[in-house]
Amino acid sequence: MRTRFQQQMEDLREKLLRMGGLAELAVDRACQAYTERDLTRCQLVLENESLINAAEREIDELAFDILATQQPAAVDLRFILAVTKINADLERVGDQAVNIAERVMDLIELPAVELPVDIPRMATATSAMVRRALESFVEGKAELAQAVLEMDHVVDRMRDEAFIVLVRTMNEKPEVTQQALDALLVARNLERVADHATNISEDVIFWVLGADVRHHAHAAASATTPRTDNPQ
Amino acid sequence: MGVGITVEHLNAFYGKTQALWDINLIVQANHATALIGPSGCGKSTFIRCLNRMHETIPEARVEGFVRIGDLSVYNGTSPTQLRRRVGMVFQKANPFPTMSIYENVAAGLKLNGFGNRKQLDEIVEKSLRGAALFDEVKDSLHKKSGASLSGGQQQRLCIARALAVQPEVLLMDEPCSALDPISTGKIEELIFQLKEQYTIVIVTHNMQQAARVAEFTGFFLLGKMIEFDKTEKVFTNPSDKRTEDYVTGRFG
Chain G
1 MRTRFQQQME DLREKLLRMG GLAELAVDRA CQAYTERDLT RCQLVLENES
51 LINAAEREID ELAFDILATQ QPAAVDLRFI LAVTKINADL ERVGDQAVNI
101 AERVMDLIEL PAVELPVDIP RMATATSAMV RRALESFVEG KAELAQAVLE
151 MDHVVDRMRD EAFIVLVRTM NEKPEVTQQA LDALLVARNL ERVADHATNI
201 SEDVIFWVLG ADVRHHAHAA ASATTPRTDN PQ
Chain X
1 MGVGITVEHL NAFYGKTQAL WDINLIVQAN HATALIGPSG CGKSTFIRCL
51 NRMHETIPEA RVEGFVRIGD LSVYNGTSPT QLRRRVGMVF QKANPFPTMS
101 IYENVAAGLK LNGFGNRKQL DEIVEKSLRG AALFDEVKDS LHKKSGASLS
151 GGQQQRLCIA RALAVQPEVL LMDEPCSALD PISTGKIEEL IFQLKEQYTI
201 VIVTHNMQQA ARVAEFTGFF LLGKMIEFDK TEKVFTNPSD KRTEDYVTGR
251 FG
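Here the protein sequences come in this chain order: G and X.
With this note's numbering, the residue at position 28 of the first sequence is 28, and numbering never jumps.
With this note's numbering, the residue at position 244 of the second sequence is 244, and numbering never jumps.
Calculated from the structure, these hints are not laboratory results.
Glycine included, C-beta positions come from ideal geometry on N, C-alpha and C.
Nothing false has been slipped in among the hints.
Below 20 Å or equal to it, Euclidean Cα-Cα: the simulated EDC-like pairs (lysine to aspartate or glutamate) are:
| hint | chain 1 | residue 1 | chain 2 | residue 2 |
| --- | --- | --- | --- | --- |
| 1 | X | Lys144 | X | Glu122 |
| 2 | X | Lys224 | X | Asp240 |
| 3 | G | Lys141 | X | Asp240 |
| 4 | X | Lys230 | G | Asp212 |
| 5 | G | Lys141 | G | Glu10 |
| 6 | G | Lys15 | G | Glu58 |
| 7 | X | Lys230 | X | Glu215 |
| 8 | G | Lys15 | G | Glu139 |
| 9 | X | Lys233 | G | Asp212 |
| 10 | X | Lys241 | G | Glu139 |
| 11 | X | Lys230 | X | Glu188 |
| 12 | X | Lys110 | X | Glu122 |
Some chain X residues close to chain G (C-beta under 8 Å, calculated; not the full set):
| hint | residue |
| --- | --- |
| 13 | Met207 |
| 14 | Gln208 |
| 15 | Phe235 |
| 16 | Thr236 |
| 17 | Asn237 |
| 18 | Pro238 |
| 19 | Glu244 |
| 20 | Val247 |
| 21 | Thr248 |
| 22 | Gly249 |
The following block holds chain G by itself, in its conformation from the complex (with noise of 0.2 Å):
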């Protein structure tokens, strides 16, 4: 019964699996290119945006050609559209990860300072981030994806005291006024990237529970009973 369909379905998980793990990966680099002023990881976050572009485009076409030949429903439905939200979620945490290697490589030509902000701590929490929600998915349960969400507060707390302490230091030590303003940058690349794991943890939520827990995250999600059953 419908096994080409069930194939289908099962090369689509497979095409998203591979494209997290790049979008990851681009991250983890970028971040470790931030922390060891590496210039060649920055060239391969660089290189590696255009495998990442062209996985968004092969996920997004065997998209909608399930959709368009086999009319599927129900889980099956929520899946697709929830694999489709978070291919772009993924390409985006991608171009995030370009823009903190290029803020990097900018950092490089200048000399190195030391800045009262824990970016390698930040960095470590959105990679945690966007890990966990690519986990929810692979294991298909909501109350992985909810802990995501949880820790989205967390990093935007770590990117306001960034904002804080930087815009200090601009203001006390003009001389490393772009080194600061860098950083600050690269501290807010890293909470878009966090917000992308946050809206993949509400595509898996959406897809397991059949719930719509965007922007009422926490009431909707409790008020939803799951059934014990798994999606997949």
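Please build the complex by placing chain X on the supplied structure of chain G, with the hints as guidance.
Then chain X, alone, in the frame of chain G:
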């Protein structure tokens, strides 16, 4: 105007075999309600209980309560009274082959002794217009037989014939299963328009058709109503795992 249908604790039997188990359902007036489910699940038996066709089969019987508008279907209402208010369209178009298009539509009224020719003309035209067929056959109403029409036209002729007796409820048992996509599209468009005036219950194997035409959908399995909800809910996020498995093609 259409009327609502209330079904309570409906059980149907073929001899000793029970085909429907404790069906409870409220069909809203002037809405289309689709019944889906695998072959043999009882959905056709169910709509045949609504107009008392089930009991025409030897040894078949019904228990429970059905009300259509103010009529108690199994308590003090004759099948003839009932069927004037409940029209039915079947899987295979079944026009009277020796009658003209006009006579096919007028047949029900004539059987009921309706003799006013002028009014009959008006009702035939109105019914054919209601079934979106009039423009295609207006020049050959008396010349062509019902059987000379295409499959899609024949099915719309049967709908016109059902509409002519001015029913309140229209039951449709897989009305498009023998039609091509163009004819199917016309019938679906028609169902959409007809529900402004009639209450429609449609049995279909085509799940996309149910999703397109009906506001409510019931899923039957092994003679039981597993789930009944808004169509959008049934096809995007059903409450029961069995419904989900069926609408996603995992069985059936």
